[in-house]
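Undergrad: Listed below are the residues making up each chain.
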Amino acid sequence: MSLLNYISMMRFEVFALGIIVLLLLVKIFSEKLNTSFILGFINVALVGLLVAGFIGHPHGNIFGRMFLNDGTIMLEKQIITFATLLIFLQANFWLKKQENCLEFCLLLFSVLIGMYFLVSSGNFLMFYLGLEMATIPLAALAAFDFGRMRSAEGAGKMILSSAFSSAILLFGLSLIYGTTGSLDFNEVRDAYSSSALQLFTLAFVFVGFAFKISIVPFHLWTADVYEGSPVAVTSFLSVVSKGASLFIFMTVLYRVFPMAQETWVHILVLLSAITMTIGNLFAMRQTNIKRFLAFSSITQAGYILIGVAATSSLSMASVIYFILIYTFSNICAFTVVSIISDRNGKEDIDDYKGLYKTNPLLSIAMMLAVFSLAGIPPTAGFFGKLFLLTSGASSGLIALIIIASLNMIVSLYYYLKIVKAMFVDKNESPIEKISIDISAKTVLIICFVGILAVGFISFVFEYIHSLSFGL
Amino acid sequence: MNLSFLILIPLLTLIGIMLVNGKTARVVAFVGSLLQLGLAIFLLFAYMHERGAGNVSSVLFEETHPWFSQWNINYHIGVDGISIAMILLTSVVLVGGVLVSWKMEYQSKEFFFLLVLLATGAFGFFISLDLFTQFFFFELAVVPKYLLISIWGSGKKEYAAMKLVLMLMGGSSLVLISILGVYYYSAVGGVGTFDLKKLGTIGFSHEIQMFLFPMMFVGFGVLSALFPFHTWAPDGHSSAPTAASMFLAGISMKLGGYGCLRVAMVLFPEAAHAYSPYIIILACIGILYGALVTVKQRDIKMMNAYSSVSHCGFVLLGMAMLTKTAIVGAVLQMVSHGVMTALFFAVIGMMYERTHTRMGDQMGGLLKVMPFIGTVFIIAGLTSLGLPGFSGFVAEMTVFVGSFQVQDLFHRSATIIATMSLVVTAVYILRAVGISLWGPIKNKEFELLPDATWNEKLASIILIASIILIGSMPFWISDLIAKTTETLFSAVIK
Numbered sequence: 018m019s020l021l022n023y024i025s026m027m028r029f030e031v032f033a034l035g036i037i038v039l040l041l042l043v044k045i046f047s048e049k050l051n052t053s054f055i056l057g058f059i060n061v062a063l064v065g066l067l068v069a070g071f072i073g074h075p076h077g078n079i080f081g082r083m084f085l086n087d088g089t090i091m092l093e094k095q096i097i098t099f100a101t102l103l104i105f106l107q108a109n110f111w112l113k114k115q116e117n118c119l120e121f122c123l124l125l126f127s128v129l130i131g132m133y134f135l136v137s138s139g140n141f142l143m144f145y146l147g148l149e150m151a152t153i154p155l156a157a158l159a160a161f162d163f164g165r166m167r168s169a170e171g172a173g174k175m176i177l178s179s180a181f182s183s184a185i186l187l188f189g190l191s192l193i194y195g196t197t198g199s200l201d202f203n204e205v206r207d208a209y210s211s212s213a214l215q216l217f218t219l220a221f222v223f224v225g226f227a228f229k230i231s232i233v234p235f236h237l238w239t240a241d242v243y244e245g246s247p248v249a250v251t252s253f254l255s256v257v258s259k260g261a262s263l264f265i266f267m268t269v270l271y272r273v274f275p276m277a278q279e280t281w282v283h284i285l286v287l288l289s290a291i292t293m294t295i296g297n298l299f300a301m302r303q304t305n306i307k308r309f310l311a312f313s314s315i316t317q318a319g320y321i322l323i324g325v326a327a328t329s330s331l332s333m334a335s336v337i338y339f340i341l342i343y344t345f346s347n348i349c350a351f352t353v354v355s356i357i358s359d360r361n362g363k364e365d366i367d368d369y370k371g372l373y374k375t376n377p378l379l380s381i382a383m384m385l386a387v388f389s390l391a392g393i394p395p396t397a398g399f400f401g402k403l404f405l406l407t408s409g410a411s412s413g414l415i416a417l418i419i420i421a422s423l424n425m426i427v428s429l430y431y432y433l434k435i436v437k438a439m440f441v442d443k444n445e446s447p448i449e450k451i452s453i454d455i456s457a458k459t460v461l462i463i464c465f466v467g468i469l470a471v472g473f474i475s476f477v478f479e480y481i482h483s484l485s486f487g488l
Numbered sequence: 308m309n310l311s312f313l314i315l316i317p318l319l320t321l322i323g324i325m326l327v328n329g330k331t332a333r334v335v336a337f338v339g340s341l342l343q344l345g346l347a348i349f350l351l352f353a354y355m356h357e358r359g360a361g362n363v364s365s366v367l368f369e370e371t372h373p374w375f376s377q378w379n380i381n382y383h384i385g386v387d388g389i390s391i392a393m394i395l396l397t398s399v400v401l402v403g404g405v406l407v408s409w410k411m412e413y414q415s416k417e418f419f420f421l422l423v424l425l426a427t428g429a430f431g432f433f434i435s436l437d438l439f440t441q442f443f444f445f446e447l448a449v450v451p452k453y454l455l456i457s458i459w460g461s462g463k464k465e466y467a468a469m470k471l472v473l474m475l476m477g478g479s480s481l482v483l484i485s486i487l488g489v490y491y492y493s494a495v496g497g498v499g500t501f502d503l504k505k506l507g508t509i510g511f512s513h514e515i516q517m518f519l520f521p522m523m524f525v526g527f528g529v530l531s532a533l534f535p536f537h538t539w540a541p542d543g544h545s546s547a548p549t550a551a552s553m554f555l556a557g558i559s560m561k562l563g564g565y566g567c568l569r570v571a572m573v574l575f576p577e578a579a580h581a582y583s584p585y586i587i588i589l590a591c592i593g594i595l596y597g598a599l600v601t602v603k604q605r606d607i608k609m610m611n612a613y614s615s616v617s618h619c620g621f622v623l624l625g626m627a628m629l630t631k632t633a634i635v636g637a638v639l640q641m642v643s644h645g646v647m648t649a650l651f652f653a654v655i656g657m658m659y660e661r662t663h664t665r666m667g668d669q670m671g672g673l674l675k676v677m678p679f680i681g682t683v684f685i686i687a688g689l690t691s692l693g694l695p696g697f698s699g700f701v702a703e704m705t706v707f708v709g710s711f712q713v714q715d716l717f718h719r720s721a722t723i724i725a726t727m728s729l730v731v732t733a734v735y736i737l738r739a740v741g742i743s744l745w746g747p748i749k750n751k752e753f754e755l756l757p758d759a760t761w762n763e764k765l766a767s768i769i770l771i772a773s774i775i776l777i778g779s780m781p782f783w784i785s786d787l788i789a790k791t792t793e794t795l796f797s798a799v800i801k
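Sequence lines, in order, name chains A and B.
Residue 18 is where the first sequence starts when you use the numbering used here, and the numbers rise one by one after that.
Residue 308 is where the second sequence starts when you use the numbering used here, and the numbers rise one by one after that.
Incorrect hints may have been included.
[Unchecked claim] Below, computed lysine to aspartate or glutamate pairings styled on EDC-like, alpha-carbon distance capped at 16 Å:
| no. | chain 1 | residue 1 | chain 2 | residue 2 |
| --- | --- | --- | --- | --- |
| 1 | B | 463 | B | 369 |
| 2 | A | 374 | B | 412 |
| 3 | A | 49 | A | 120 |
| 4 | B | 410 | B | 668 |
| 5 | A | 114 | A | 442 |
| 6 | A | 443 | B | 465 |
| 7 | A | 113 | A | 454 |
| 8 | B | 463 | A | 442 |
| 9 | A | 113 | A | 359 |
| 10 | A | 437 | B | 758 |
| 11 | B | 410 | B | 606 |
| 12 | A | 434 | B | 465 |
| 13 | B | 603 | B | 668 |
| 14 | A | 443 | A | 359 |
| 15 | A | 114 | A | 162 |
Keep in mind that the hints were calculated from the coordinates and are not lab data.
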């Protein structure tokens, strides 16, 4: 295989690495940094990367099946890249003011490389490497608000719980190696015999993942970390990190453990039901908007698990489709949160009272995002959610679907509370009119289009489905 | 004729409302709704023409475009007699609603946007023949109500709005579960189908029908105030702004009735038979209970809200009787109640705007100060109590005649119990008319109150005209419905 082929296979990784090196050189050699120039450069680079993803369809594996690439993986990487681009645009205003803007970018790109490797991994060794590369810089990012105690607290919680979950995962992986004699996905799959010890390993791997995706009962770190971190990091955690982990979770289950399907489908159904219910119950009582979105994202993860448990190629497509739509809606919500919190530090739901009077654009953006999360037509969230449920129905998970639909009513209650605060409630001192900077406006417009159009255009789903596989 | 225009016109109206500013929004909404009314009438004639020309297919003007082919989801639309009646009803009420809200000052642009959005959902719901598309429109017609009631409403509006939306969404999630169940069980190897026409020919097994029918019927039934799930209706109707009450009681409750009849009973005929006694019992309780509670109301808006529960009971009663006449009566009652209640809410809104009270006993003598509004109130009342010549009589009579055709003791006694509510209806309607319109003028300030403005007059005239059109010439509409009923419910009718 020629060098060019390697680069083509690993284009995302090479590209991100190039940016990191470049940023390091800039940091070393330039005295005074021009932050807007750097951010502009990064945005352009990310757009280039996004475009590069569409050229050709590299398919295959390198490094002795350590690194896989196929259509679905490329698609997931593109979603990750796209979400990161949106987050950079959203955080532009905040980043420009930061002294350590360059470090932020460096860390974020390190996370991104980790994610890319994680998504592409074909071997548990690579998988673990990617996971750690994606986690440790992320904890540093969570602590990026140096002035705030909560930020440090969140980062501490995150690094501890990540280390804990990694340890459990690693223990499971070592057991896998012990029982099958390999770490390669295919070889593990072939050697897997559902012996008691091997089922045990499955449980450990499950727990490791459950921490990353914040599935109940391993969700306790989520709210604190989301609340403490800077908004940009929170949106990254809730969109990119969660999306990538869910994706690799699904592919590991499908690729490596098809033999134990019956076992993990049962576990998934149970976890999914608990996750959405608990997430909902806690979300109802939140007063801080970031904590609120944290619990709402736990609930959403519960919905996604329906699709994972359905194990058909349609359900896999629904999961990726949902992740895409969730990216639009959550980033839209976080952009509004970030704009408001940047200007005057207000992060309580009560602060949003009367927002529509002063900032109609922000309120409508938030409303669309919230409706899309709740799955109300005509937003894309409706389609995403219905497809997940339909895929569950096609696989006969009727009980889970009943629980999920009941949960949707509950979730509508608290999503409507946000809408009520913005549109109905009166406030004597509402948030004053905010002039939105151009890059945040771009994000809002992209999300508007995404939320309103992605559902109706069946092409998106068709494209994703053409790349998906099932059990 | 191309049915997609029925969705396209409201959509364009929505875009128009978004583009113009402030006061012009109402003009756009009015023009859009008039166009839609024109289209609905044209559709009626086109339909009758096709039928006259000997077209016997059950659904006319069908259109199918694949949408999400992986799931077997199609954009499949078409109309039959029942849906045409519903479309006419929706467009008449929409025009009335826009006219009545003409003087809306507070955020009028948003108000008209949401109103037309609701209507879009209703139109789409009535013409869809694909369960997925239909469900899409169904939910579209629910959530905007939250904003309409909680922003522009009165009284304990936030509580009422939340209660209404959560209960209706509860119903809609039951519907969703049953739709997904239908999809699962219709799969003969591979993917299932959402297509109503195909599903009608599948014939589900008895167990599946018994499992799915109650969920779907109750789910839709929540919308048409099936006892004991009616509690959202009084709160919601009485707290909503006038146009939204008109829409809620006039159209949204009919979404439920239409769903129960056109979807649940067509898909699960056996279960419809098995469950019909229970539905009859619940409907009778709803009819009598609604009527009796209405007698206790001093608030005339609350009165009409509760009487809607009672009147919608006739819709459910008619369908559960499972005779052709009774089902036709149920559809007639949907249309008749839709127009009548819209008129009632409109005129109550006019009176409230002038007197700033909704308590009947604080009014008095209003007929002397505002003869037009008073007359409209009397006409709405008489329609409600079923005076011959108005639509209410035609509809209720058909339901009773149809019910009486079933000759066993249970159905007979249910019919008799239901007819008793007519007396109660007469009590509260005549009393309300008596205290608020006749007698001396209780409040000196009321003597200077102005009569209806042009927009209110126009709205009332359009609605009254429809009432009289159904009431004095019922055959065109009952023929329209009866033919469809025969073909659709051949498996159900006894």
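Undergrad: With reference to the structure, classify each hint as holding or not holding.
TA: For each hint, the structure was consulted:
1. For a cut-off of 16 Å, the pair hint linking residue 463(B) to residue 369(B) is broken: about 44 Å separates their Cα positions.
2. For the proposed pair residue 374(A) and residue 412(B), the alpha carbon gap of about 15 Å is at most 16 Å, so the pair holds.
3. Annotation: proposed proximity of residue 49(A) to residue 120(A) holds, straight-line Cα distance about 14 Å (limit 16 Å).
4. Using a Cα cut-off of 16 Å, the hinted pair residue 410(B) and residue 668(B) is violated, with the two alpha carbons roughly 27 Å apart.
5. Restraint check: the Cα-Cα separation between residue 114(A) and residue 442(A) comes to about 33 Å, which exceeds 16 Å; the hinted pair is violated.
6. Between residue 443(A) and residue 465(B), the direct Cα distance comes to roughly 12 Å. Compliance with the 16 Å bound is thereby established for this hinted pair.
7. Annotation: proposed proximity of residue 113(A) to residue 454(A) holds, straight-line Cα distance about 12 Å (limit 16 Å).
8. As the CA atoms of residue 463(B) and residue 442(A) are separated by approximately 13 Å, the hinted pair is consistent with the 16 Å bound.
9. A threshold of 16 Å between alpha carbons decides the hint, and for residue 113(A) with residue 359(A) the separation of about 12 Å falls inside it, so the pair holds.
10. Proposed proximity of residue 437(A) and residue 758(B) is contradicted: the alpha carbons are some 36 Å apart, above 16 Å.
11. With a CA separation close to 24 Å, the supplied pair residue 410(B) and residue 606(B) exceeds the 16 Å bound.
12. As the CA atoms of residue 434(A) and residue 465(B) are separated by approximately 10 Å, the hinted pair is consistent with the 16 Å bound.
13. For the proposed pair residue 603(B) and residue 668(B), the alpha carbon gap of about 12 Å is at most 16 Å, so the pair holds.
14. For the hint linking residue 443(A) to residue 359(A), the alpha-carbon distance of about 23 Å lies beyond 16 Å, and the restraint is violated.
15. Proposed proximity of residue 114(A) and residue 162(A) is supported: the alpha carbons are some 12 Å apart, at most 16 Å.
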